[in-house]
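The whole structure should be built from the sequences, with the hints applied where relevant.
Take my numbering: the final residue in the sequence shown is number 526, and no numbers are missing along the way.
Calculated from the structure, these hints are not laboratory results.
Any given hint could be a false lead.
Beta-carbon label-pair distances, calculated as ranges [stated by the list, open to error]:
no.: 1; residue 1: V463; residue 2: R507; range: 44 to 54 Å
no.: 2; residue 1: L3; residue 2: E330; range: 36 to 46 Å
no.: 3; residue 1: G110; residue 2: M1; range: 48 to 58 Å
no.: 4; residue 1: H509; residue 2: V390; range: 14 to 24 Å
no.: 5; residue 1: D470; residue 2: G305; range: 15 to 25 Å
no.: 6; residue 1: P475; residue 2: A329; range: 45 to 55 Å
no.: 7; residue 1: P391; residue 2: T7; range: 36 to 46 Å
no.: 8; residue 1: A519; residue 2: I306; range: 48 to 58 Å
no.: 9; residue 1: P475; residue 2: L15; range: 47 to 57 Å
no.: 10; residue 1: S38; residue 2: P374; range: 36 to 46 Å
no.: 11; residue 1: D202; residue 2: A149; range: 42 to 52 Å
Values in this document were obtained by computation on a predicted structure and should not be read as measured data.
Note that the Cβ used here is the ideal one computed from N, Cα and C, for glycine as well.
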Amino acid sequence: MSLVGFTAVATVTLLLCVMTGPDRDDLDEFYTGYGSLSPMRNGLAIAGDYISAASVLGTGGVIALFSHDGVVLALSTALSLMLLMFLLAEPLRNAGRFTMGDALARRMPGRAARITACAVTIAALLPLMLVQLAGTGQLLAFVLGFSGAALQTGCIIGLGVLMIGYAAIGGMKGTALIQILKIVMLLGSGLVVAALILHRFDWNPGALFDAAADRSGAGPAFLNSGLQFAGGPHPDADMISSQLTVVLGGACLPHVTMRMYTASSARQVRRSMSWAVSGVALFVLVVTVIGFGAAALVGRSVIAGIDPQGNTAYLLGSQAAFGARVSTAETFLFTTVTTAVFLTLLASVGGMILACANSLAHDVFATRVQEMSPRREMTLARVSALAVGVPAIVLATLVQHRSLQPLVTLSFCLGASAIAPALVYGLFWRRYTRAGLLCTLIGGSLAVLLLMPGTNLVSGSPVSAFPEADFNWFPFTTTGLVSIPLGFACGWLGTMLSGRRKAQEQRRHYEAVEGWILAGAVSRGD
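This is the structure in C-alpha cells:
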C-alpha cells in the first residue's frame, strides 16, 4: 500500500506542476507566480519549505533519544521563523525581487555581490539537498523492507530526476502547490497519530513522559536537559551554540527567504508569515508528542539500534500508536503518514533546487548580458535546475551510507554565520559597503568550512560521518558560537576598512532607499 501511495503522490504532484507551471515566457510568473497566492496558501507554502524532511525525521529522533534537548530544538525552529517574521520578512520583500542576490545588490550593485550571494546560496542548500535525497533511499528501504544498496541508489536517482522536474517545470507556483499539499498531509496525519498516542495514555501528557523515561534506560535524567551533549567537554555551551545556530540559520536559508518575494504587498507578507508560524507551531506540538510516543511505546534502545541518529523514530512512533492489531483504516493511516514524509522529501528538494537554479540564472548568467530576453533567462533557469540537481544526485549516492547529521549542521551554520549577518547588515546598517558584504559572506562561510571538520559530527564518535577516524579538535558540535560572531565581525571590519568616503556614499545611497526597504514606501517595480 505504501508503494501505491508513493507512486500516486509522485504522479499527481508532477501533473500538478505541469498544469500550474508558467505557460509563457514571463519571469515574474516563473520566479514569483505573480504574487497570486492568497496569504493562507502562501503561508502554508512557506511552512512547507521551512519544514524539511530533516526537520521531521531529525527533530523527532532527537526528541525520542534525548527528550528535553529535542523539544528545545523544535521550539528553536519555531522561534527562528518568528524572527524572520518580525525582523526580516517585510524588508526582504521590499528590497528584493526574485532572489537573495536582488535584495543584497539593491544597495550594492555589481556582479561581485550577486555571484558571491549565489555561491553561498548553493553552498548552504547543497548539503541539505544531499540529506533529503539520501534520506529518500533510506525511507523507502525502511518502509518497503528492502536493504539492497543498488535499489536504494536507484530510488535516489529516480526521485532526484522527479525533483528536478518539479523545479524546472512548475516554477514558483508549481512548487508552492506541492508545498501546500505536503504541509496539509503532514500536519493532518500527524495530528491523528498524536491523538492516538495521547489516547493510549488516557490523554495525560505526564503519563506519556513518565513512560518514555521508564523505557529510555536513563531514568529520570531522560527528562532533564543536556543529555544530548553530556559527552562533550562543554555541554552547556554546546547546547547554546546548537540552539543559536538553528534560531539564526533556519529562517535565513535561501529557499525560505525566496518565498517572501511571492507576496504582492507588505500586508500580504505579514499575513502569510502569520499562517506560516501557526503551521510550524502546530508541527512542533505534533512532533513532540510523536517523539515521546516513540520513546514510550518502542523504547529508546530499539530506536537507536535501528538508526543511531533516531531518524526512524517518527515512523516507528506512528506505527506503534496503532498497537499490535492493525485494522484496515489504521493501515491506511500509516500509509498516509509515510506518504506525507515521502512528499516532504520530494517537496523540500524541489524547493531547494528551484532556489539554487533561480540564483544561478538570475544572479550569475542574466547579469552578464545587459538586456537578456525573458525567454532566454527562463531557459537558463531550467537548465540551471539540471546543473544543480545532477551533481546533487551523484553526491547523494556517495554519502547515503554515512551519517548525514554533519551536512544538516553545515547548512544551518552557513545560514547563521554568513547569510544572516549579510541580511541584517544589508537591510539595516546605513554604512554597510560592498567590501563589508563580500567579507561577511566569504568570511562567515570560510569560518564554518574550516571549523566544521573538527567537530565530533565528522569524526571521533561512533555516530560520526567517519567513525573510523579521529581528527576531532573543535570542542562544540556546531560552529555557531564561534562562526556567527566571526561573520558579523568580518562584515564590520570590511566596512571599516572601506574608508570613510565609501561609507558615507553608502549611507547616502541607503537613505535614498530606506523608506522603500523598511516600509515599502515605493513600488518594487519603480
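When the hints from earlier in the document are held up against this structure, which numbers fail?
2, 4, 7 and 10
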